[in-house]
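Given these sequences and hints, build the entire structure.
Number of protein chains: 2
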Amino acid sequence: MTDHATAELWPGERTEAARRLLLAAVESFARRGFHATTTRDIATAAGMSPAALYIHYPSKAALLAEISRTGHQSTLDLVERAEASSTEPVEQMRRLVEEFTRWHAHGHTVGRIVNNELHALPEEDFAAVAELRIRIEETVLRIIARGVDAGRFEVPDQRTAARAVTSLGIDVSRWYTERSSESPEELGRRYAVLVLRMLGAAGG
Amino acid sequence: MTDHATAELWPGERTEAARRLLLAAVESFARRGFHATTTRDIATAAGMSPAALYIHYPSKAALLAEISRTGHQSTLDLVERAEASSTEPVEQMRRLVEEFTRWHAHGHTVGRIVNNELHALPEEDFAAVAELRIRIEETVLRIIARGVDAGRFEVPDQRTAARAVTSLGIDVSRWYTERSSESPEELGRRYAVLVLRMLGAAGG
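Residue numbers (UniProt numbering), protein chains in the order written: chain A, 1 to 204; chain C, 1 to 204.
Calculated from the structure, these hints are not laboratory results.
Heads up, the beta-carbon is just placed ideally off N, CA and C, and yes, glycines get one too.
Incorrect hints may have been included.
As the list claims (entries may be wrong) - Quick list of the computed label-pair ranges, beta carbon to beta carbon:
hint: 1; chain 1: A; residue 1: P58; chain 2: C; residue 2: R179; range: 26 to 36 Å
hint: 2; chain 1: A; residue 1: A130; chain 2: C; residue 2: E185; range: 21 to 31 Å
hint: 3; chain 1: C; residue 1: A130; chain 2: A; residue 2: R135; range: 33 to 43 Å
hint: 4; chain 1: A; residue 1: S85; chain 2: C; residue 2: D77; range: 38 to 48 Å
hint: 5; chain 1: A; residue 1: E154; chain 2: C; residue 2: E138; range: 27 to 37 Å
hint: 6; chain 1: C; residue 1: A61; chain 2: A; residue 2: A202; range: 45 to 55 Å
hint: 7; chain 1: A; residue 1: E137; chain 2: C; residue 2: E186; range: 13 to 23 Å
hint: 8; chain 1: C; residue 1: T87; chain 2: A; residue 2: Q73; range: 45 to 55 Å
hint: 9; chain 1: A; residue 1: R40; chain 2: C; residue 2: E91; range: 50 to 60 Å
hint: 10; chain 1: C; residue 1: T44; chain 2: A; residue 2: S181; range: 39 to 49 Å
hint: 11; chain 1: A; residue 1: T38; chain 2: C; residue 2: A130; range: 23 to 33 Å
hint: 12; chain 1: C; residue 1: A36; chain 2: A; residue 2: R135; range: 27 to 37 Å
hint: 13; chain 1: A; residue 1: E154; chain 2: C; residue 2: P122; range: 43 to 53 Å
Said to hold, decoys possible - Derived, one-sided and incomplete: chain C residues facing chain A with beta-carbon distance under 8 Å:
hint: 14; residue: H35
hint: 15; residue: A36
hint: 16; residue: P156
hint: 17; residue: R197
Structure, rendered in structure tokens:
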């Protein structure tokens with residue numbers, strides 16, 4: 001696993017076997033893509049038999065769904081924490097971009113799967129994840145709107161700006177590697193400065 | 001094919017059969033990912049036999065390499081045209097972001113393949129594409145540096161800013177669909193405004 005954040009995603013309440021399978025699935029999907037990965041590949045990577053895998057997950061799609069739901073929930077949580085961290089839109093946005101960027105750099109392997117394999121999710125899981133994505137986007141939009149109302153941001157098209165903010169963060173997962181020159185934290189700080197300028201932040 | 005730009009990518013000098021195979025490969029890679037696509041899938045989608053495919057391309061990797069090289073060459077061309085279009089860095093950057101964004105919205109299917117399947121390229125093709133990617137990034141960086149020198153931009157970290165500019169454009173391919181509310185051209189104009197602000201453009 002090249003990805004420190006992965007282990008953090010599935011905390012203690014899961015069985016050790018389930019966590020091993022999730023990690024193995026992340027590794028396999030990242031290497032071959034979802035479609036070319038078999039449940040046997042995942043079981044082997046986790047040091048289990050396919051039969052042992054099925055005790056925990058009925059299919060590779062169920063593993064993808066769990067990875068995608070927990071990944072999206074975790075980014076929604078940090079976005080909502082950023083909003084709750086201050087009453088000041090500039091501070092909320094700074095925190096949001098710092099944390100959202102850091103998450104996608106640190107967890108770039110999971111981030112890539114979560115964002116590129118959406119179309120492979122079973123319908124019901126897709127709907128659940130789409131709902132989480134909308135809540136993330138709406139939180140970003142709410143902070144922008146509040147900042148504009150308070151005269152702290154100056155934004156010609158709020159929906160396009162919100163899209164650009166989330167897009168910049170999400171795309172970090174595509175290009176970031178452990179060989180990148182900036183740490184996830186440093187990249188988060190730099191991106192926050194760029195985004196606040198993009199939003200025409202007074203004092204940003 | 002949901003993607004108008006695709007046909008523009010391979011102009012007249014190719015045989016009709018080669019173009020049909022490239023289009024079929026784009027469609028198949030987009031649907032299943034590169035690894036899960038077989039040469040038979042591509043041949044069938046092109047209305048040919050696998051044997052007929054091999055007359056034109058020795059492997060699916062050769063098709064991916066051609067799609068990736070032409071896609072990258074086409075974006076490098078537009079980036080260089082933007083640089084040549086003016087002597088004024090603000091105008092160069094405005095044009096660059098408008099065209100780069102438009103390309104990735106219009107050609108989102110090809111853009112997604114070209115950016116997500118890099119790791120699947122044969123070594124030599126990967127090196128050629130990596131070289132094109134560096135030239136794109138260096139052009140963006142050169143315009144930023146020239147703008148800073150001329151007092152037209154104010155940028156704390158030029159390399160991070162250049163990365164953010166290309167990242168915003170590339171990620172359009174991930175999220176843009178024909179159902180998006182903005183046309184590729186309108187999105188390009190809006191993104192150019194956001195990027196010029198990000199670069200602290202005087203009069204941007």
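Cross-check of the supplied hints:
In this structure the supplied range 26 to 36 Å holds for P58 of chain A paired with R179 of chain C, their Cβ-Cβ distance being about 32 Å. Checking the proposed 21 to 31 Å range against A130 of chain A and E185 of chain C shows it holds: the Cβ atoms sit about 27 Å from each other. Checked against the hint of 33 to 43 Å, the pair A130 of chain C and R135 of chain A passes, with Cβ atoms roughly 37 Å apart. In this structure the hint that S85 of chain A and D77 of chain C lie 38 to 48 Å apart at CB holds, the actual value being about 45 Å.
Under the hint 27 to 37 Å, the C-beta atoms of E154 of chain A and E138 of chain C, about 32 Å apart, fit the expected range. Between A61 of chain C and A202 of chain A the CB atoms are about 52 Å apart, so this pair conforms to the stated range of 45 to 55 Å. The hinted window of 13 to 23 Å between E137 of chain A and E186 of chain C holds, with their beta carbons roughly 19 Å apart. For T87 of chain C and Q73 of chain A, the hinted distance range of 45 to 55 Å is satisfied, since their beta carbons lie about 50 Å from each other.
Between R40 of chain A and E91 of chain C the beta carbons are some 56 Å apart, a value that agrees with the proposed interval 50 to 60 Å. Distance hint check for T44 of chain C and S181 of chain A: the Cβ-Cβ separation is about 45 Å, which falls inside the suggested range of 39 to 49 Å. Checked against the hint of 23 to 33 Å, the C-beta distance between T38 of chain A and A130 of chain C comes to roughly 30 Å, which is consistent with it. The beta-carbon spacing between A36 of chain C and R135 of chain A, approximately 31 Å, falls within the hinted interval of 27 to 37 Å.
At about 49 Å, the beta-carbon gap between E154 of chain A and P122 of chain C stays in the expected band of 43 to 53 Å. Annotation: H35 of chain C was flagged as interfacial toward chain A, and the flag holds, the nearest CB pair being 3 Å apart, inside 8 Å. Interface hint status for A36 of chain C: upheld, as the beta-carbon distance to the closest one in chain A is roughly 3 Å, under 8 Å. The restraint placing P156 of chain C at the interface with chain A holds, with a minimum CB-CB distance near 6 Å, inside the 8 Å limit.
With a cut of 8 Å, the hint placing R197 of chain C at the interface with chain A holds, because the nearest CB-to-CB distance is about 5 Å.
Violated hints: none; the structure is consistent with every hint.
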